[in-house]
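Visitor: Residue strings, one per chain:
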Amino acid sequence: MVTRALDAPPPSRGRQRARPGGAGASIGLGIAVAYLSLIVLIPLAALAWSAIGGGWSAFWTAVSSPEAVAALRLTFEVSAAAVAINAVMGTVVAWVLVRDSFRGRWAVDVLLDLPFALPTIVAGLTLLSLYGVDGPFGVNIAYTRIGIVMALIFVTLPFSVRAVQPVLAALDRDMEDAAATLGAGPFTVFRKVILPNLVPAVLSGIGLSFSRAIGEFGAVVLIAGNLPFKTETASVYIFGQIENDNSAAAAAASLVLLLASLVLLVVFGLIESRVTRHAR
Amino acid sequence: MRAKYLLRGLAGVYLAIVLVAPLVFVFWSAFRHGLGPFWSAISTPEAVAALKLTLITALVAVPANTIFGILAALALTRRTFRGRRVFGALIDLPLALSPVVVGLALLLVWGEAGWFGPWMIHHGMPVVFSTPGIILATIVVSLPFVTRELVPVLNELGVEQQEAAATLGASPLHIVWRITLPAIRYGLVYGIVLTTARVVGEFGAVAVVSGNIAGQSQTMTLFVENRFQAFDLVGAYSASVVLALISVVTVAAMRMLNRRGIR
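Chains A and B, in that order, are what the protein sequence lines are. Following my numbering, the numbering of the first sequence begins with 285 at its first residue and continues without gaps. Following my numbering, the numbering of the second sequence begins with 896 at its first residue and continues without gaps.
One chain only, chain A, in its complex shape:
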């Protein structure tokens, strides 16, 4: 989704020449480029400058401080855990939504859109109050890594489900019938016929979720508290450094986070396209 949607093929030259309204469209493009520069490009340049403008050694000192390393490491660990759980459970949910039929299925489908629309701070607050110290279930996830994983599961669940759901719906069931006719049991059919077709979609869901999870702040901040070395994720660490007026350290960690996010999107995009090509 993220990597492909804007990657449409450019219009062909012939069409281009016949296209009406050259001057007006150029003004539109100019406005869009200026807006994008002001909104995205200049702030990112300032961020990069703040991170590496003081030289590589300053950058390295900032990102290799024990607190920064601990925060970045924790971020990747909890994100990986949340994404792995959702890769399995999101596929189960997608399966039930596509292949099962029961009353109220549409309601479950609608429900899955909510984490997209619900403010992250509200998500964090509700998880904390339900599964926190004074919650009705007597469990306590406040200031624990399990709590952070739970918050990340909440915000990335739609990515996992929605990546798999359409692919599963479009799957040709004749193949499964054929395999079953040839004597394959349900588990073999799933492993040999269905799963290989789902892998690219699952991977794409993993890439999107991972990229989202490592940057998450609102859902995590209340649950994580602010315990350096224990439950401080990278985004919480960056926020703390900003509040302490240490913007160079914040910028250095930000740059690492940004690059990691981009690498994840590109890598999972590449794996996905490679797997897709092999499958066909």
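I should point out that these hints are in silico values taken from the structure, not numbers from a laboratory. Don't be surprised by glycine CBs; every beta carbon is placed ideally from N, CA and C. Any given hint might turn out to be false.
Stated by the list, open to error - Ranges of calculated distance between the beta carbons of each label pair, as one might list FRET restraints: (1) B:Ser935 / A:Leu511: 30 to 38 Å; (2) A:Gly337 / B:Gly907: 51 to 59 Å; (3) B:Glu1051 / A:Thr345: 50 to 58 Å; (4) A:Val353 / B:Pro1027: 35 to 43 Å; (5) B:Gly978 / A:Trp333: 15 to 23 Å; (6) B:Glu1051 / A:Asp393: 23 to 31 Å; (7) A:Trp333 / B:Leu1140: 38 to 46 Å; (8) A:Asp393 / B:Leu954: 27 to 35 Å; (9) A:Thr465 / B:Gly978: 53 to 61 Å; (10) A:Arg383 / B:Ala911: 18 to 26 Å; (11) B:Ala911 / A:Leu511: 23 to 31 Å; (12) A:Leu466 / B:Val981: 48 to 56 Å; (13) A:Leu511 / B:Asn1050: 44 to 52 Å; (14) B:Trp923 / A:Gly337: 47 to 55 Å.
Once you've looked at the hints, dock chain B against the given chain A.
Guide: Structure of chain B alone, referenced to chain A:
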């Protein structure tokens, strides 16, 4: 057969724990002492000021990103120009950024020690720790949505109708107004709905640039956090319910547009 019920149960339990229980719990917590405490919690001057600031932010950020989204989508689908791929990638970039990183980047440009900040402050137009900074931060995080919805729709649409209109002597503005916009309207509205949801719900980027002063530079999401930190749980849940209701309306709008067959 058994596997079917097993999977159904598994999915049900998972969704109940992760999604349903927390959502039910916010509403229950906000209303458990009746409508009175809920109402008084969201009608305090701070709460009203926060809601107002969120609305003002949405009223600027959503139209700005809608106009940009249309222009950018038209440029991406109807033109070839150098750096087109970079242009598209930059629009997508805010999706890969942590909101806190967005806030920091804006601080480094518009803050007291930033690139343009001192000049703006000197001329009496401070950006950071005031409304313009909040609006700017929400604009950045909600930038990609309209473009991302419109690009596939415009690609599908093609250029034949526009060319026909141009042949018949319609001006470019006339073509956009009479041909392009009506054809992409559902995709456009869908993009606007997503943008609005993100603008209203943004927390991290706004938390960095706002200064978080109650009654002055506090949006609804900051207000929720502030009430929680002040141990005013009824206030926090009540404001959360207002935000949750906005997201329910958003999801309903998305569903209705889906049924019109735009995706």
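Visitor: Take the hints in turn and mark each one as holding or not.
Guide: Hint by hint, here is what the structure shows:
1. B:Ser935 / A:Leu511: 30 to 38 Å: Distance hint for serine 935 of chain B, leucine 511 of chain A holds at roughly 35 Å.
2. A:Gly337 / B:Gly907: 51 to 59 Å: holds, 53 Å
3. B:Glu1051 / A:Thr345: 50 to 58 Å: Given a distance of about 51 Å, which is inside 50 to 58 Å, the answer is holds.
4. A:Val353 / B:Pro1027: 35 to 43 Å: Distance hint for valine 353 of chain A, proline 1027 of chain B holds at roughly 36 Å.
5. B:Gly978 / A:Trp333: 15 to 23 Å: The hint (15 to 23 Å, Cβ to Cβ) holds, given that glycine 978 of chain B and tryptophan 333 of chain A are roughly 21 Å apart.
6. B:Glu1051 / A:Asp393: 23 to 31 Å: The hint (23 to 31 Å, Cβ to Cβ) holds, given that glutamate 1051 of chain B and aspartate 393 of chain A are roughly 24 Å apart.
7. A:Trp333 / B:Leu1140: 38 to 46 Å: holds, 42 Å
8. A:Asp393 / B:Leu954: 27 to 35 Å: With a Cβ separation near 32 Å, aspartate 393 of chain A and leucine 954 of chain B satisfy 27 to 35 Å, so the hint holds.
9. A:Thr465 / B:Gly978: 53 to 61 Å: holds, 54 Å
10. A:Arg383 / B:Ala911: 18 to 26 Å: The hint (18 to 26 Å, Cβ to Cβ) holds, given that arginine 383 of chain A and alanine 911 of chain B are roughly 20 Å apart.
11. B:Ala911 / A:Leu511: 23 to 31 Å: holds, 30 Å
12. A:Leu466 / B:Val981: 48 to 56 Å: Holds, at about 51 Å.
13. A:Leu511 / B:Asn1050: 44 to 52 Å: holds, 49 Å
14. B:Trp923 / A:Gly337: 47 to 55 Å: At roughly 51 Å between Cβ atoms, glycine 337 of chain A and tryptophan 923 of chain B fall inside 47 to 55 Å, so the hint holds.
Hint check: no violations occur; every hint is consistent with the structure.
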